[in-house]
Amino acid sequence: MSTPENEVPELPSSTKLITTLGLVAMISGLLVVIVYEFTKPIIAENQRLATERAIFKVLPKANSRLTFQVSATGFTLSDDKANGPLIYAGYDAQLNLVGIALNSAAQGYQDTIKLLYGYQPSTGCITGFDVLKSTETPGFGTKITTDTKFLANFNCLEAKVNSEQTALAQKIKTVRHGTKSQAWEIDAISGSTITSNAIGRMLNQSGQDLHPIIMQNLEYLKKAKE
Amino acid sequence: MSQAIKKEVPLTLEVFTAGIWKDNPVFVMMLGLCPVLAVTNSVINSLAMGIASIFVLVCSNALVSLLRNFIPRQVRITTYIIIIATFVTLVDYMIQAISLDLYNRLGAFIQLIVVNCLILGRAEAYASKNGVLKSVVSALGMGLGFTLALVMLGGVRELLGAGQLLGYQIFSTQFEPWVVMILPPGGFIVLGCWLLLINYIEQRKTAKLVTMEAASHCTVKQ
Chain A
10 MSTPENEVPE LPSSTKLITT LGLVAMISGL LVVIVYEFTK PIIAENQRLA TERAIFKVLP
70 KANSRLTFQV SATGFTLSDD KANGPLIYAG YDAQLNLVGI ALNSAAQGYQ DTIKLLYGYQ
130 PSTGCITGFD VLKSTETPGF GTKITTDTKF LANFNCLEAK VNSEQTALAQ KIKTVRHGTK
190 SQAWEIDAIS GSTITSNAIG RMLNQSGQDL HPIIMQNLEY LKKAKE
Chain B
11 MSQAIKKEVP LTLEVFTAGI WKDNPVFVMM LGLCPVLAVT NSVINSLAMG IASIFVLVCS
71 NALVSLLRNF IPRQVRITTY IIIIATFVTL VDYMIQAISL DLYNRLGAFI QLIVVNCLIL
131 GRAEAYASKN GVLKSVVSAL GMGLGFTLAL VMLGGVRELL GAGQLLGYQI FSTQFEPWVV
191 MILPPGGFIV LGCWLLLINY IEQRKTAKLV TMEAASHCTV KQ
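Taken in order, these protein sequences are the chains called A and B.
Residues 10 to 235, numbered by our numbering, are exactly what the first sequence covers, in order.
Residues 11 to 232, numbered by our numbering, are exactly what the second sequence covers, in order.
You may find that some hints are simply not true.
[Stated by the list, open to error] Covered stretches of chain A, as calculated for chain B (at least 3 residues, CB under 8 angstroms):
id, segment
1, 21-29
2, 36-43
3, 46-53
Calculated directly from the structure, the hints in this document are not laboratory data.
Computed from a predicted model, the values in this text were never measured in an experiment.
Note that CB positions come from ideal geometry on N, CA and C, so glycine has one too.
Using the sequences and the hints, build the whole thing.
As structure tokens, then:
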């Protein structure tokens, strides 16, 4: 006769196991969908506001803006929700084009850094940026937004397109702190070299890809708001 | 027969306070050390991670406790993971809705709460064996203890590594920040220092109690 200690407990049926998992998954799905539906418009609005804030920060003279999607043939007027690379053209009160805001990204010290930067087609200068996403080390990598000497690089960082309008005339690059000698060079922050290099790499990549297309379609961008 | 039935311990203040100090998940149980070392490079990140963990811990423990008599042993871990992942997804959406900036700063660590052994450990060791109220109170204590540990690490690391606290400059501009404190090795160093200090305090407390007991024993003998 078996004692209660060595009795093998009865195994539950497969139906009970499936029912349990199914019910828990159903509760889980229901909760996720409710919260997703509730937060979806708030998240979308937060993203829109963050983009809007960044655009008018990098294009301070702009009063209004238009969004364009980059396509094989150039640019097509679009909205912020469109997939694929987007650029934002800023216009003043007289509907003159005052600059273009472009997205760029590169691997930093911790994770990918995402920026929105302002480009002036008339002068060929990059005139500022706003960090959209960064998990860089506080006090070091985060200096890219506070270090006045580093920000001075963007009073007019040269990003002109070559005469054939196929690429940048000069490659944008980050140089060691205190050794900047050319308008297309970025003077790195001492102690935040990896983050500074990432800024140089992403601006160069974005410049090589998009600045020639902007120059080829400049008239279209200028007249788009009219 | 009646002796074999284990009596459930009643809900006391001890259930709540145990997680904060005596059984602190970080300083005593050494659980969930991945986010502890990774996100504590500033106080605000530590605080946000702590609050997110409290939410997941309390909600998942409540649901596990509520369903404990219904979940067969064979599928309990799968079920706990589904429950924990659900609340992590909810907290992920909620942080995005509250602040995109904070969400971006915390990176992948919010999603990684799913695999925080503190949460699964409490579900398996406590919530699956106790009532809803006790599980929630215990989870709240554990969560607060976890947050306290995160903030203690984050405070020291931000102060020494950047000369700031909650983003405000504390030390003068002449202070040369200790770079290592912000970097991953800084997490290990500060955690080690806190463990050293806490164990020293505990040992002194125990030694004092032993001395007092011995003294009272001698007095009784005389």
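Results for each hint:
no.: 1; hint: 21-29; verdict: holds (count 4)
no.: 2; hint: 36-43; verdict: holds (count 4)
no.: 3; hint: 46-53; verdict: holds (count 3)
The earlier numbered hints are all upheld by this structure, with none contradicted.
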